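K.L.:
Single-letter residue listing:
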Amino acid sequence: MAPGPSSVGTELQTTIELLHRLFLEVEGADASMRKSSRIEEILLALRRQPNLAGLPKKLLRVYAELAEALNGIRLTRETIQAYSVERLRDTQMRLNAVSSTTESAAIEMLNGLDRTLAMIDQLEGSQREAPSHEMCDALRSEVNQLYGCLQFQDIIGQQLRGAAGLLLEVEQRVETVASLFDESHGARSVDLPSEAPASYNPDASMRDTASRQAMIDEAFSLARRSAPSNPFVTG
Amino acid sequence: MKCLVIDDSATMRRIVVNALKTIGYNDVVEAGDGKEALTKCDGTIQMVITDWNMPIMGGLDLVKSLRSDPQTAKLPILMVTTRSVKEDILQAVEAGVSSYILKPFTPQVLKEKLDQISSPTSGSA
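Heads up: the protein sequence lines correspond to chains A and B, in order.
Take the first sequence: its letters are residues 1 to 235, numbered as in the working numbering.
Take the second sequence: its letters are residues 1 to 125, numbered as in the working numbering.
No wet-lab data here; the hints were simulated from the structure.
There may be inaccurate statements among the hints.
Unchecked claim - Between beta-carbon pairs, the in silico distance windows are: (1) Glu-142(A) <-> Glu-94(B): 39 to 49 Å; (2) Ala-69(A) <-> Glu-94(B): 51 to 61 Å; (3) Cys-136(A) <-> Glu-87(B): 21 to 31 Å; (4) Asp-115(B) <-> Thr-91(A): 25 to 35 Å; (5) Glu-142(A) <-> Asp-115(B): 17 to 27 Å; (6) Leu-66(A) <-> Glu-87(B): 49 to 59 Å; (7) Glu-94(B) <-> Asn-71(A): 57 to 67 Å.
Stated by the list, open to error - Every beta carbon over 12 Å from chain B, so not counted as near; a handful from chain A, in silico: (8) Ile-42; (9) Tyr-63; (10) Asn-71; (11) Leu-88; (12) Thr-91; (13) Val-143.
Computed from a predicted structure; not experimentally measured.
No residue lacks a Cβ here, since even glycine has one placed at the ideal position from N, Cα and C.
Sequences and hints are given; from them, build the entire structure.
P.N.:
Dropping the structure here:
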């Protein structure tokens, strides 16, 4: 694992401090130790660096600023994890709850419609004061229309699953971004779920069905003509 | 005519079954995905009505599988789906779908398409 910025900073600071101490010791040593012209040359060059003595202090200040910035990032990461991810997860759970609630409601409605149809049959078949066949047919037609209306559940369910899937992806991306600032984990690659075949269509819609069906019929005819090898389409 | 209705939504299956009954198709078998549908194709099925987006095995793979089996290759197949992009239609035709209905549909549209694909001149049955 690559070292974090704080450990690199500490190491650099220690090295500079050691160098500085070495420089002072060599400078303060007796002439016999400095008789090498190379050492003299280096000491002279070092003396010409006016900021060298102050470098450790400057590094310390930079390090303190970096540490503060890192702390800010860490706080941001914690905030993202504590609020954003939690909120996204909560929203996703709510969407799933809405989806299952509408499904349960739709199933209850279907059960009610089944019972209503059975009652119409019963009424029609009963001997005394049976309503007219016309009325039963009209009632049956109404009930059957209601069955069709319940397709909203399937379509809304697909839209909700699409939105929940999107939230899950956003949540994973936010977590990945948050972990990028986490020193303890080092650099992480984006780890998103693989694209499984979706059991829903997020673009499902209840709107303009008639005109969209007409468009589909046209596109289907065109596709059929351009794919004459398909012997299974209508003639 | 015996129909096989495939949809992962139990609600949608019931709606399709009801629509089929209102237009005179009373012999209906149901399946929740393509894989289950294949186990129900026992030689008595005369019409397949399938959704596209399903877990385990989707509608498109089911159509390809049915077309590749000599026993089911000529079954009329109606795709009932929310997918309305042209590329989807092209894929459906290439896979061997006989006709295509957009959800939500009415029993009248269902009848119209079923009449088309089940007629002897359609080349599907």
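K.L.:
Which earlier hints can't be squared with this structure?
P.N.:
3, 4 and 13
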